[in-house]
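Engineer: Fit chain S to the given chain H structure using the hints.
Top line first, the protein sequences correspond to chains H and S. Its first residue numbered 148, the first sequence is counted upward by one per residue in the working numbering. Its first residue numbered 533, the second sequence is counted upward by one per residue in the working numbering.
Calculated from the structure, these hints are not laboratory results. A couple of the hints might just be wrong.
As the list claims (entries may be wrong) - As a list, the in silico DSSO-like pairs of lysine-lysine whose alpha-carbon atoms are at most 27 Å apart:
{"#": "1", "chain 1": "S", "residue 1": "626", "chain 2": "H", "residue 2": "218"}
{"#": "2", "chain 1": "S", "residue 1": "631", "chain 2": "H", "residue 2": "216"}
{"#": "3", "chain 1": "S", "residue 1": "588", "chain 2": "S", "residue 2": "602"}
{"#": "4", "chain 1": "S", "residue 1": "626", "chain 2": "H", "residue 2": "212"}
{"#": "5", "chain 1": "H", "residue 1": "216", "chain 2": "H", "residue 2": "164"}
{"#": "6", "chain 1": "H", "residue 1": "164", "chain 2": "H", "residue 2": "204"}
{"#": "7", "chain 1": "H", "residue 1": "216", "chain 2": "H", "residue 2": "204"}
{"#": "8", "chain 1": "H", "residue 1": "218", "chain 2": "S", "residue 2": "631"}
{"#": "9", "chain 1": "S", "residue 1": "602", "chain 2": "S", "residue 2": "626"}
{"#": "10", "chain 1": "S", "residue 1": "589", "chain 2": "H", "residue 2": "204"}
{"#": "11", "chain 1": "S", "residue 1": "591", "chain 2": "S", "residue 2": "602"}
{"#": "12", "chain 1": "H", "residue 1": "218", "chain 2": "H", "residue 2": "204"}
{"#": "13", "chain 1": "H", "residue 1": "212", "chain 2": "S", "residue 2": "631"}
{"#": "14", "chain 1": "H", "residue 1": "216", "chain 2": "H", "residue 2": "165"}
{"#": "15", "chain 1": "H", "residue 1": "204", "chain 2": "H", "residue 2": "165"}
{"#": "16", "chain 1": "H", "residue 1": "165", "chain 2": "H", "residue 2": "212"}
{"#": "17", "chain 1": "H", "residue 1": "218", "chain 2": "H", "residue 2": "165"}
{"#": "18", "chain 1": "H", "residue 1": "204", "chain 2": "S", "residue 2": "591"}
{"#": "19", "chain 1": "H", "residue 1": "204", "chain 2": "S", "residue 2": "631"}
{"#": "20", "chain 1": "S", "residue 1": "626", "chain 2": "S", "residue 2": "589"}
{"#": "21", "chain 1": "S", "residue 1": "589", "chain 2": "S", "residue 2": "602"}
{"#": "22", "chain 1": "H", "residue 1": "212", "chain 2": "H", "residue 2": "164"}
{"#": "23", "chain 1": "S", "residue 1": "588", "chain 2": "S", "residue 2": "626"}
{"#": "24", "chain 1": "S", "residue 1": "602", "chain 2": "S", "residue 2": "631"}
Unchecked claim - Derived coverage of chain S by chain H (criterion: at least 3 residues anywhere in the stretch with Cβ under 8 Å from a Cβ of chain H; other residues may be distant):
{"#": "25", "region": "566-575"}
{"#": "26", "region": "635-643"}
Unchecked claim - Heads up, incomplete: computed chain H residues facing chain S, CB under 8 Å, no partners named:
{"#": "27", "residue": "249"}
{"#": "28", "residue": "250"}
{"#": "29", "residue": "252"}
{"#": "30", "residue": "254"}
{"#": "31", "residue": "255"}
Just so it is clear, CB atoms sit at the ideal spot from N, CA and C, and this is done for glycine as well.
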Amino acid sequence: EAQVTQNPRYLITVTGKKLTVTCSQNMNHEYMSWYRQDPGLGLRQIYYSMNVEVTDKGDVPEGYKVSRKEKRNFPLILESPSPNQTSLYFCASSPIAGYADTQYFGPGTRLTVL
Amino acid sequence: TQLLEQSPQFLSIQEGENLTVYCNSSSVFSSLQWYRQEPGEGPVLLVTVVTGGEVKKLKRLTFQFGDARKDSSLHITAAQPGDTGLYLCAGAIKTSYDKVIFGPGTSLSVIP
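Pulled out of the complex, with its shape left as it was, chain H reads as follows (with noise of 0.2 Å):
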C-alpha cells in the first residue's frame, strides 16, 4: 500500500531533551515536506527536501533540522525542544520537485513539550 508513515503518533517530552520524529514514504517521491499545524493558521511548512541531500528551509524552521540521506525517508529532529513547538506535525511527500503535484500526508504526530 502507496504511504506516508510517521513516528510515534505521540510524544509526550520535556523542555530540551532532544527528539527525532521519523518519516518515511514507499512512493519513489522526490519531494518530501514537514509541516505543523496549529489552530487557526493551518499549515505552516517547516523544511521540504526536492531530492537526496537537498533541503531548504520552509517558513517556520527555526528550532528544527532535518535530513534527506536517503530517499525514502525525512527525519525531522528538534535538537532542544521548547514548549512553543508543542503542535501537530505532518510529513508529506509528492512524486515530482518542484511542482504543485498531489501531496500525499502522513497521520500526523501529536507533540507535547512540557
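Structural biologist: Frame of chain H, contents of chain S only:
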C-alpha cells in the same frame, strides 16, 4: 507575505443543507488545491484547479477557481454526515519551484 484566508472558520449545518466555503488571497496562484482532513488523519487531496474560471465537480462537491486566480470556492450540495471534516485550501505560487501555502481551514460539522 502571502496569506490565504478561509471563511467561515466554523460551520455547523443539518444533513441535507447546502453550503459554500471560500478561500481568498491577494496573491495570484498558478494552481489551487482543496484538501479534506478528518480527525486523527492527514489531509487528503480532493481537487486541483489550474485555469482561471475553472469549475470542477466531484459528486456533490463543486469547486471553482476565480477568474483572476486569487480566490476559490467549494460548494457542497445536500451535505451528509460523512462530509464532516476540516477543509483546507492550498495555493501554489511560482518561485524557483511551486511553493504551496495553506489556508487555516474551515471546520465543517454536518448533523444527522
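Engineer: Hints first: check each against the structure and report whether it holds.
Structural biologist: To see whether the hints hold, each was checked on the structure:
1. With a C-alpha separation of about 24 Å, the suggested pairing of residue 626 (chain S) with residue 218 (chain H) holds against the 27 Å cut-off.
2. This hinted pair checks out: residue 631 (chain S) and residue 216 (chain H) have alpha carbons roughly 23 Å apart, not beyond 27 Å.
3. Taking the CA atoms of residue 588 (chain S) and residue 602 (chain S), the gap is near 17 Å; set against the 27 Å cutoff, the hint holds.
4. Of the supplied pair hints, the one linking residue 626 (chain S) and residue 212 (chain H) holds, its CA atoms being roughly 25 Å apart against a limit of 27 Å.
5. Among the hinted pairs, residue 216 (chain H) with residue 164 (chain H) is consistent with the structure: their alpha-carbon atoms are about 24 Å apart, no more than 27 Å.
6. With a C-alpha separation of about 23 Å, the suggested pair residue 164 (chain H) and residue 204 (chain H) falls inside the 27 Å cut-off, and the hint holds.
7. Our distance criterion of 27 Å between C-alpha atoms is met by residue 216 (chain H) and residue 204 (chain H), whose separation comes to about 17 Å.
8. Between residue 218 (chain H) and residue 631 (chain S) the CA atoms are separated by roughly 20 Å; this keeps the pair inside 27 Å, and the hint holds.
9. A distance of roughly 13 Å separates the Cα atoms of residue 602 (chain S) and residue 626 (chain S); the hinted pair therefore holds under the 27 Å criterion.
10. For the given pair, residue 589 (chain S) sits about 35 Å from residue 204 (chain H) by alpha-carbon distance, which is inconsistent with the 27 Å threshold.
11. For the suggested pair residue 591 (chain S) and residue 602 (chain S), the alpha carbons sit about 25 Å apart, so the restraint of at most 27 Å is met.
12. In summary, the hint linking residue 218 (chain H) to residue 204 (chain H) is supported, as the alpha carbons are separated by about 18 Å, within the 27 Å threshold.
13. Proximity of residue 212 (chain H) to residue 631 (chain S) is assessed by CA-CA distance (about 20 Å); at most 27 Å being required, the pair is judged to hold.
14. For the hint linking residue 216 (chain H) to residue 165 (chain H), the alpha-carbon distance of about 20 Å falls within 27 Å, and the restraint holds.
15. A threshold of 27 Å between alpha carbons decides the hint, and for residue 204 (chain H) with residue 165 (chain H) the separation of about 20 Å falls inside it, so the pair holds.
16. For the hint linking residue 165 (chain H) to residue 212 (chain H), the alpha-carbon distance of about 11 Å falls within 27 Å, and the restraint holds.
17. Between residue 218 (chain H) and residue 165 (chain H), the direct Cα distance comes to roughly 24 Å. Compliance with the 27 Å bound is thereby established for this hinted pair.
18. At roughly 38 Å between alpha-carbon atoms, residue 204 (chain H) and residue 591 (chain S) are farther apart than 27 Å, so this suggested pair is violated.
19. Distance restraint check for residue 204 (chain H) and residue 631 (chain S): the Cα-Cα separation of roughly 12 Å lies within the 27 Å cut-off, and the hinted pair is therefore satisfied.
20. Only pairs whose Cα atoms come within 27 Å are accepted, and residue 626 (chain S) paired with residue 589 (chain S) is accepted, the gap being roughly 26 Å.
21. Under the criterion of a C-alpha separation no larger than 27 Å, the hint pairing residue 589 (chain S) with residue 602 (chain S) is consistent with the structure, at around 19 Å.
22. As the CA atoms of residue 212 (chain H) and residue 164 (chain H) are separated by approximately 14 Å, the hinted pair is consistent with the 27 Å bound.
23. For the hint pairing residue 588 (chain S) with residue 626 (chain S), the CA-to-CA distance comes to about 23 Å; that is within 27 Å, so the pair holds.
24. Restraint check: the Cα-Cα separation between residue 602 (chain S) and residue 631 (chain S) comes to about 15 Å, which is no more than 27 Å; the hinted pair holds.
25. Counting residues of the region 566-575 of chain S whose C-beta lies closer than 8 Å to any C-beta of chain H gives 4; at least three are required, and the coverage claim holds.
26. Residues of the region 635-643 of chain S with a Cβ under 8 Å from some Cβ of chain H number 3, which satisfies the need for three, so the listed coverage holds.
27. This hint holds: residue 249 (chain H) has a C-beta 5 Å from the nearest C-beta of chain S, less than the 8 Å allowed.
28. For residue 250 (chain H), the interface hint holds, the least distance from its beta-carbon to any beta-carbon of chain S being 7 Å, beneath 8 Å.
29. Contact between residue 252 (chain H) and chain S, as hinted, is supported at the beta carbon level, the nearest pair being about 3 Å apart and thus within 8 Å.
30. Hint status for residue 254 (chain H) relative to chain S: holds, with the closest Cβ pair at about 6 Å, below 8 Å.
31. The interface hint given for residue 255 (chain H) holds, since its Cβ lies 6 Å from the closest Cβ of chain S, which is under the 8 Å cut-off.
In this structure, the earlier hints numbered 10 and 18 are contradicted, and the remaining ones agree with it.
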